[in-house]
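2 protein chains.
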Amino acid sequence: MASKVLIVYAHQSAGSFSAAAKDAAVEVLKSQGCSVEVSDLYAMKFKATATAEDITGEVKNAEHFCYAEETKVAWEEGRLCADITEEQRKVKEADLIVFQFPMYWFSVPAILKGWFDRVLTQGFAYTQEKRYSQGIFEKKKAMLSFTTGSMETEFSPNGINGDMNVTLWPLQNGILHYCGFQVLAPQIFWAPALAPPKCRTYMLEGWRTRLQDVLKEKPLSFTPMCCFDSEKGFQLKPEAIEKYANKEFGLTVGIHIGRPLPPNSQMKAGV
Amino acid sequence: MASKVLIVYAHQSAGSFSAAAKDAAVEVLKSQGCSVEVSDLYAMKFKATATAEDITGEVKNAEHFCYAEETKVAWEEGRLCADITEEQRKVKEADLIVFQFPMYWFSVPAILKGWFDRVLTQGFAYTQEKRYSQGIFEKKKAMLSFTTGSMETEFSPNGINGDMNVTLWPLQNGILHYCGFQVLAPQIFWAPALAPPKCRTYMLEGWRTRLQDVLKEKPLSFTPMCCFDSEKGFQLKPEAIEKYANKEFGLTVGIHIGRPLPPNSQMKAGV
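As they're listed, the protein sequences go chains Y and G.
Just so we're aligned: the first sequence equals residues 1 to 271 in our numbering.
Just so we're aligned: the second sequence equals residues 272 to 542 in our numbering.
Worth double-checking, as some hints may not be accurate.
Capping the alpha-carbon separation at 30 Å, the derived lysine-lysine pairs in DSS-like fashion look like this [stated by the list, open to error]:
#, chain 1, residue 1, chain 2, residue 2
1, G, Lys318, Y, Lys92
2, G, Lys343, Y, Lys198
3, G, Lys539, G, Lys518
Bear in mind the hints are in silico, worked out from the structure with no lab data behind them.
Using the sequences and the hints given, assemble the complete structure.
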């Protein structure tokens, strides 16, 4: 069966490099036989802010409104608002989701953060039991594809912005892998605004080439859920720590157990 | 002269723990003689999304709209929209900014990300030359104060969510320190929703106690700008690397030069 791809796209301008990257993805993936859907967040005027209006009908506890709890119940009862429900339909059908955006302040633009906050509701995208390697979307793949304002050197482990792997951890582990997604290596377009046109063309060509086999790529490595002890605050089990006792590096960027970070573990598969 | 404090507050409900933390801050800081201003983002229906509407009058390049470039020019020409200008006035006057929010997806809620994206415009908050330890707000302090959904153990260096210091890096280094702010240790309220009422009271008491001397606190340590070579892509100068050659840890979470991360460097001052 043909694969379905959802591109969640967050740039204001059809003339941007991000738009060109999105258009290239649509074209190449369609030519590979995929069906491709695009959520163009700015064009949709996607609501970024998590409010009680996201729930149809009464909220359970207006005085002590808790968004995560309220949307969990609303999802169970089919009372989430239409724009969230529609995005959830797209997520449910997708085999791969590509997030295409310009990096704003070491993260995604607010409109895309709003998509994460509002669409990935409890119950639909995760539960306390179903998360990480046992997550709800474990059969799906996801990938960040983004432009930076800074040069690659500035995001190296001795660059002024610090190691890009660190900056990627909250997004790739904390959002994508948390929901179970197999996280494909990010596609990083380093400072296209500073690059000459020829270089931008070259970057887009590399992207088009990658996309031809993107669905066969191996995902990044994360530590499986079974290594953590749910009885002890989800910390690594002693046997898991022991297994890594002679390793040079920590397990991942975040779960580093006081060791050096495994180089490029949030940037390349198989490291 | 009395200190001015701005609290940027991002919770939907006046009955929340976040609201109680914000109210405690207002009360204690006022009793210390500070003047306190609150930006209650949900109550203000603060616009989260960065769009061309943030600029009054013509944009420079509608076809290739670039938010950072357009808002830089608009700021220089006094053509940013009223809500951004008003938040910039508050920032300009503040000696300390406290960001009070519930952590959503390992980061700030979209409405607060929108505040960062829209208020901290180029020229006003940073330039290519004036950033980090030479940043525009070097005389100001800033602090994250937030609740988590997960327990503290889950955010330890061998916990399933990974080291909280890693998750804080993009926010504290990438946004606050980038603009020059002296970053005070974060105030983390671990999973108040899971805690009994007595424990929540205890957490708030600790916060009130801290606030009494908060303006005298030493900030977190970051690597000064002078250690980086602007001619070589802002990487650490050889003499800076050499200076740290015998140290056990990297300089910071992000600038770790392949060493173990300095423990708690994003959580405590003086480490």
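Hints and how they fare:
A C-alpha spacing of about 29 Å is found between lysine 318 of chain G and lysine 92 of chain Y, which places the hinted pair at or below 30 Å, so the restraint holds. Taken as a hint, the lysine 343 of chain G and lysine 198 of chain Y pair is honoured in the structure, with Cα atoms around 27 Å apart against an allowance of 30 Å. Using a Cα cut-off of 30 Å, the hinted pair lysine 539 of chain G and lysine 518 of chain G holds, with the two alpha carbons roughly 19 Å apart.
Of the numbered hints stated above, none is contradicted by the structure.
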